[in-house]
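Chain order of the listed sequences is A and B. Under our numbering, the residues of the first sequence are numbered 1 to 78, in order. Under our numbering, the residues of the second sequence are numbered 1 to 605, in order.
There are no misleading hints in this set.
Straight-line distance between alpha carbons at most 25 Å, and here's what the computed SDA-like set of lysine to any residue pairs gives:
{"#": "1", "chain 1": "A", "residue 1": "Lys37", "chain 2": "B", "residue 2": "Glu138"}
{"#": "2", "chain 1": "B", "residue 1": "Lys423", "chain 2": "B", "residue 2": "Val68"}
{"#": "3", "chain 1": "A", "residue 1": "Lys50", "chain 2": "B", "residue 2": "Asn216"}
{"#": "4", "chain 1": "A", "residue 1": "Lys8", "chain 2": "B", "residue 2": "Ser433"}
{"#": "5", "chain 1": "B", "residue 1": "Lys62", "chain 2": "A", "residue 2": "Val26"}
{"#": "6", "chain 1": "B", "residue 1": "Lys204", "chain 2": "A", "residue 2": "Ser47"}
{"#": "7", "chain 1": "B", "residue 1": "Lys423", "chain 2": "A", "residue 2": "Glu70"}
{"#": "8", "chain 1": "A", "residue 1": "Lys37", "chain 2": "B", "residue 2": "Pro426"}
{"#": "9", "chain 1": "A", "residue 1": "Lys8", "chain 2": "B", "residue 2": "Gly220"}
{"#": "10", "chain 1": "B", "residue 1": "Lys27", "chain 2": "B", "residue 2": "Thr577"}
{"#": "11", "chain 1": "B", "residue 1": "Lys183", "chain 2": "A", "residue 2": "Val14"}
One-sided and incomplete, this derived list gives chain B residues near chain A with beta-carbon spacing under 7 Å:
{"#": "12", "residue": "Leu308"}
{"#": "13", "residue": "His311"}
{"#": "14", "residue": "Leu429"}
Beyond 10 Å from chain B on every Cβ pair, some chain A residues (computed):
{"#": "15", "residue": "Thr3"}
{"#": "16", "residue": "Trp5"}
{"#": "17", "residue": "Lys8"}
Read the hints as simulated data drawn from the structure, not as lab findings. Glycine included, every Cβ here is placed at the ideal spot set by N, Cα and C.
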Amino acid sequence: MKTLWELKAKQAAVVETINSQLTGPVISRLQEMGFSKGQQVVCVRRSPFKGPLVVQVGDCVYSLEQAVAEKINLALAS
Amino acid sequence: MERIVLVGKPNCGKSLLFNQLTGLRQKVANFPGVTVELKTGQFDQFEVVDFPGTYSLHSLSKDEEIAVEKLNLAVDDDDTRLVVCVLDAARLERSLVFALQVQALARKNNKAVVFVLNMIDEVERYGLNIDIKALQKELGAPVYALSAKTLKGVAAFKEALPSLAKQAQAPTELNIQLGEQRKFIERAREINAEYGIRSDVVLKNQNRIDTFLLNNVLGGIAFLAIMFFLFQSIFTWAQPLMDGTEAAIGWIASALTGVIGPGIVSDFLNDAIFGGVGAFLVFVPQIMVLTLIIGVLEDSGYLARAALICHKPLSLFGLSGRSFIPYLSGHACAIPAIMAARTIESPRKRLITMLTIPLMSCSARLPVYALLIAVLIPKDATFLGVFDLQGAAFFGLYFFGILMALVVSTLMNVFTRKSKELKDMPFILELPSYRLPHWKPLFQRVINSGLQFIKRAAPVIFVISLCLWTLGYFPQGAGLENSLLGKIGHFIEPVFEPLGLDWRYGVAMIMSFLAREVFVGALGTMFGMSGAEENIAGLAAQIQADGLTLGAGIGLLLFYVVALQCVATVAMLRAETGKSRIAWGLYAGYGILAYLIAVIAAHIV
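Model the full structure from these sequences, guided by the hints.
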């Protein structure tokens, strides 16, 4: 399975699960911010040197660092 | 008083609505050690409380925990009549998750809820509209569409507000309980699918600007230009205001002492009150100018982008992307920089940033650097044949400060990694839409920053100023050399010996705790010169003739880079961290570190 961190710029996918290595409160916050199962995400841009990626989730645009992005598992976009 | 509570997600335009409701008179309540600010204002016969923007009732950090706790208390309170949930009309789904949670909380406490669909102008600009009546039915509570910016619908809302707050609404059937977290998310998605506007329409503009401002090359140039502008403005715009404040204080001082006539009272007023406490008022304009610029950056949406650009490099040192602006501001003055650190999301990174800001070479160090560099380095010396050696030395000192800050923050990061109290928040940053900032909330922030500084730092500065003045003044008429302070200086001379310095430097160093630049004037007095601040070259010549060794001089310079010789900063750190232990501990820690560095420099050069 792919993670959000592996998404290339302009690529879209659908959120599947969030890795339980993150703590419960962080997982629910991510879900509340839009990273919930079935939600479509689009990678807007990648930063050089493995900097935070920019991702569009529903009506919001977020910037996430590697440590978080690689804990979000994706299903490939239909 | 009857109360109205205002809540909403971050960036939903809540602060502006609050300002439009309450006008410019408001009170800000702070809580020591956290960034939570509760703003209170008056609307009609109601007290309106503006809560910090939050994504959820489930807190991640200590700050959020306190904000949520206060919200729970407020909703439970009998005086609370109405809870206003502010929604971003263009981002219905995201704002509804939190709003629905608050609605459930209000229902549990039998409180009425009203939804405000803010920024409706943005929706209309795209030629779209939202079916308010149907949404009202769906949410089971009144919905008001308005724009706090264009004022559209605000008058109608204001008119309806008193009656909304008066009539206790019959609680609608409870469809979601507070604990059912997932259901809020699902419900928000359902409602958005039905009533929300298409997100790609909303985000098109924002993404277009980001293509430029986050571009690897153009975005980098824009970033540097904006930061250069910010840095310049602190010096150039704040300088006339600072000079004006200084002149005004000087004028009041001379007018007052002129009336009283010479004597101990006049000396006390002139030196302890106007000289000591007055000197710190000079920083107020600088703090306000910096708050204004940071406020513009934040409200326009650029601050989040700046944090994104800086995040990776700074994270190598245990800092956040949001640490950059505080660090940059620290080169002007540590106090607004420490205040600016409030925007850092992770409590641990915020603390580390605040504790390392004092290592940035602030403007109060400039006179000290200028004096010592003039003593140590001949005017026309060059470095590598092209660079002016004096200029290179200045640059070196700034660089040394930044280097020390990065080393210290890396170490602090390693040592606090296991701390439970300082939870590290993951770096998830919303990139809000670009908007033109509105002057009302900005104005409030600027005024508050000045007032907060005065309220927090004035008492400590008064006490220290009083102590130093007493020690330096008595026995009366003896002059600084034979005063109590002079005696103490002689007594503790052995402490300064390893630095290659005598008691005169020691006394000047002790006195400079009030503010670093005091060092120059105090040292001048010890060398029998008055008004040395205005004649740095003259004092430098005297010190040269007196024979300050190169090693001791370099040691002294490095001491001033590292030491936390600023009582206002200590007071600010104490207020922001909520712990005296941390503030004074840092003072002692940097003092010892600075001393050791100076000793080493004095011996190896």
